[in-house]
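Let the sequences and hints guide you as you build the complete structure.
Quick mapping for you: the protein sequence lines, in order, are chains P and D.
First residue of the first sequence: 9, per the numbering used here; consecutive thereafter.
First residue of the second sequence: 2, per the numbering used here; consecutive thereafter.
Hints should not be assumed to be uniformly reliable.
Stated by the list, open to error - Only part of the chain D face toward chain P is listed, based on derived beta-carbon distances under 8 Å:
no., residue
1, Val13
2, Leu16
3, Leu29
4, Val33
5, Phe34
6, Gln36
These are computed hints drawn from the structure, not numbers from a lab.
Note that the coordinates shown come from a computational prediction; the quantities given were computed from them, not determined experimentally.
Just so it is clear, CB atoms sit at the ideal spot from N, CA and C, and this is done for glycine as well.
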Amino acid sequence: MDPEDRVQREEVLRRAVLAGDERAWQPWYHETFDDLYAYVLWRSGGRRDRADEIVQETWLTAIRHVRRFDPRKGSFRDWLRGIVANVLRHDLRQHHRRLKREQAAEKCIAVESEYKDRERQERIAVTLGAIPERQEAVLRAKYLDGLSVAEIAAAWKESPKSIESLLSRARQAFREYYDKEADHVRTR
Amino acid sequence: MSGPDDSRDELVDSLLGADGRPCGNGRLRGAVFAQTIGVIRFRRRLKKCALAGSLLGCYLAGMMTMGLWRPTSGGRPQPSTEHVAANLEPSPLPGPVGIADKQIAAEKMTCAEVLRRSADRHLLDSGDVKRAVRNYKTFLELSSAEQRAISPTQDNWLLMALKDARSKEMKHDRIEQN
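In structure tokens form, the structure reads like this:
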């Protein structure tokens, strides 16, 4: 869609929703839901239970603060992803505290493989939240949206070489944070 | 040829690679949608309440304005004692005489009588205390001592008050002269 058309459409939808028009909200919600869910699931390291909570929290925050959404600053999808990042950050902090409390009990009850799976998902989620935003964006474009380097370069209006280099740095940063998080988990 | 970095990239690929695009389950989608619609409905109801409240406010303000305005516009003002007292001071010249006065004069009455009747009409018919006081004062200036005497059966409250004031004034003048 043409950027101007997108801004116009989203502005109309925003005003309609603020006026209390449910019919405007319905298509907007349904056309964005799957994309947002996939993003949240990816950012949560594949943990569906956690993704469900984050998605719910994100949509409720979005509808309560839809007045703040400005279509000229970015698309509705990007605005939602910004909310996801904030919700995830907040959730991770709470999750760490909870994990410390439950650690002892969990060690006794949980099956070893299940525990390792959960730990791996946890590390991915933490790592994606820790790396710089631009690096997270390029990893998202590559792994979640499934775009090739050339496609990312075209979408971002940059050269394929610079995207290649950014992707390489992002992978390296991811590995470093991931390993660091592993050490952190082992020392806990 | 594959180096150690390639194998490390494979690790990243395996960790981050999404298995297709997973769709959120239908129940979650429906539940979250219902919650968001609830927020929209609440917002709409709030707006309607605010509108109804402002309309009610306007209506009440209008009612209050009408209530405040009505007493001043309706009814004839009652002459107050202050008003009479203010008009008891002597005026320098006798005031103009109306059409009704001219008709009375035509009946060949004494000037004092004409003024008195005119004052009576001003007071009793039109409630114009100011004009009545002016005519009564002129009447008292032109009248005889007999006419100036207070007569509770013939005089009204205003004339009696003016006559009383006039007699006191004359008494005071006499004392001063002596």
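We went through each hint and held it up to the structure:
{"no.": "1", "hint": "Val13", "result": "holds (5 Å)"}
{"no.": "2", "hint": "Leu16", "result": "holds (6 Å)"}
{"no.": "3", "hint": "Leu29", "result": "holds (5 Å)"}
{"no.": "4", "hint": "Val33", "result": "holds (5 Å)"}
{"no.": "5", "hint": "Phe34", "result": "holds (6 Å)"}
{"no.": "6", "hint": "Gln36", "result": "holds (6 Å)"}
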